[in-house]
Amino acid sequence: MARFTLPRDLYFGENAMEELKALKGHKRAFIVIGGGSMKRGGFLDKLESILKEAGLETQLFEGVEPDPSVETVMRGAKAMEAFQPDVIVSIGGGSPMDAAKAMWVFYEHPETKFDDIKDPFTIPKLRNKAIFVAIPSTSGTASEVTAFSVITDYSTKIKYPLADFEITPDIAVLDPAIAETMPKKLTAHTGMDAMTHAIEAYVAALRSDFSDPLALKAISMLDEYLIDSYNGDKVARGKVHIAQCLAGMAFSNALLGIVHSLAHKTGAQYDLPHGCCNAIMLPYVIQYNSKVCMERFADIARCMGLPGATDKQLTNALVEEIRRLNKRLEIPASFKEAGVSEELFNSTADFISEHAVEDPCTGANPRETDAANMKKVLTCAYYGEDVTF
Numbered sequence: 001m002a003r004f005t006l007p008r009d010l011y012f013g014e015n016a017m018e019e020l021k022a023l024k025g026h027k028r029a030f031i032v033i034g035g036g037s038m039k040r041g042g043f044l045d046k047l048e049s050i051l052k053e054a055g056l057e058t059q060l061f062e063g064v065e066p067d068p069s070v071e072t073v074m075r076g077a078k079a080m081e082a083f084q085p086d087v088i089v090s091i092g093g094g095s096p097m098d099a100a101k102a103m104w105v106f107y108e109h110p111e112t113k114f115d116d117i118k119d120p121f122t123i124p125k126l127r128n129k130a131i132f133v134a135i136p137s138t139s140g141t142a143s144e145v146t147a148f149s150v151i152t153d154y155s156t157k158i159k160y161p162l163a164d165f166e167i168t169p170d171i172a173v174l175d176p177a178i179a180e181t182m183p184k185k186l187t188a189h190t191g192m193d194a195m196t197h198a199i200e201a202y203v204a205a206l207r208s209d210f211s212d213p214l215a216l217k218a219i220s221m222l223d224e225y226l227i228d229s230y231n232g233d234k235v236a237r238g239k240v241h242i243a244q245c246l247a248g249m250a251f252s253n254a255l256l257g258i259v260h261s262l263a264h265k266t267g268a269q270y271d272l273p274h275g276c277c278n279a280i281m282l283p284y285v286i287q288y289n290s291k292v293c294m295e296r297f298a299d300i301a302r303c304m305g306l307p308g309a310t311d312k313q314l315t316n317a318l319v320e321e322i323r324r325l326n327k328r329l330e331i332p333a334s335f336k337e338a339g340v341s342e343e344l345f346n347s348t349a350d351f352i353s354e355h356a357v358e359d360p361c362t363g364a365n366p367r368e369t370d371a372a373n374m375k376k377v378l379t380c381a382y383y384g385e386d387v388t389f
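The numbering of the sequence shown is the numbering used here, which starts it at 1 and goes up by one.
Read the hints as simulated data drawn from the structure, not as lab findings. Be careful, since some hints might not be right.
[What the hints assert, rightly or not] Ranges of calculated distance between the beta carbons of each label pair, as one might list FRET restraints:
no., residue 1, residue 2, range
1, 320, 35, 16 to 24 Å
2, 339, 386, 48 to 56 Å
3, 57, 339, 40 to 48 Å
4, 5, 75, 27 to 35 Å
5, 35, 302, 36 to 44 Å
6, 339, 231, 20 to 28 Å
7, 5, 388, 19 to 27 Å
Being a predicted model, the structure only gives us computed values, none of them experimental. Ideal Cβ placement from N, Cα and C applies to all residues, glycine included.
With these hints in hand, go ahead and build the complete structure from the sequences.
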């Protein structure tokens, strides 16, 4: 038996946020945001106006950091407890959405400890007090449709991907006007995050006939539109916003692999954006995983219209296409090129590898992986050397 879970409603297209007037009948909305971009762009004011028109009282929780901490989550849960919302709304990038999901858990279950929900599918039943609405401003994390939330423990510099269908949002709103506000570098990093989601979902252990077409469609759209989106084309920006959501639907159900396992750990240790870490790791992990699922990577290459008469040729073409995309998006080809010193790499490689094995994403990787092989892949990604083992 398998399961495929998506939000109940997904509103998309121009002025999609207006559809939140359907929340009429609810009483209080707790809004979670990150920095000031949603304020500066006028989107927060628009959201609050729509919710108030629907008859909801609102309260704002702002200042969620780029990699939300356990402390921020607990602080937000306490604020929710005081306000008693029946709707939780997060607008912004993946970080405020991830933080709000975790806050939701502790709001509904204040007796729960963070250690209680670190393992996959250990989150208690939600929607006893509130429903969840997610409005993404970036085109990559797809947190608006996924069963995941990444929270950082800064005392150990470890990112914990919480995973449970309970935290899949009830309503997702994809408004292309919000995505148009992304700066260029963020467009690159989130776009390659989405590409990684789709590629890993297509080869992941829990892939299915439901997730496969979503993953392939996302890959095709990202390959066609990401560069134009990066260069400021508004139509392409809207297409990428849809593509990243399709990728999210795929990976939320098929799960991911060791690109993400390593990105979760390198991002915290090297202080690099998550999407950048994924983009750097992706070609090396494709090479590593191709030993057991080359035919799946060949499918992806065909979907992208890449040349090759054999599965091996097609997989090699896929690796080169990812490298080409990274180069055009001005993303480094290796961690060394990204500015990570050899001293830092050598002092953290074992720690990263050991904790990456324990990451929830590792279990869905198509090729079995231990700490030794994880370190070998990481070493290749640091120096920019092909994975041949």
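Comparing the hints with the structure gives:
{"no.": "1", "hint": "320 / 35: 16 to 24 Å", "verdict": "violated (36 Å)"}
{"no.": "2", "hint": "339 / 386: 48 to 56 Å", "verdict": "violated (22 Å)"}
{"no.": "3", "hint": "57 / 339: 40 to 48 Å", "verdict": "holds (47 Å)"}
{"no.": "4", "hint": "5 / 75: 27 to 35 Å", "verdict": "holds (29 Å)"}
{"no.": "5", "hint": "35 / 302: 36 to 44 Å", "verdict": "holds (41 Å)"}
{"no.": "6", "hint": "339 / 231: 20 to 28 Å", "verdict": "holds (25 Å)"}
{"no.": "7", "hint": "5 / 388: 19 to 27 Å", "verdict": "violated (38 Å)"}
In this structure, the earlier hints numbered 1, 2, 7 are contradicted, and the remaining ones agree with it.
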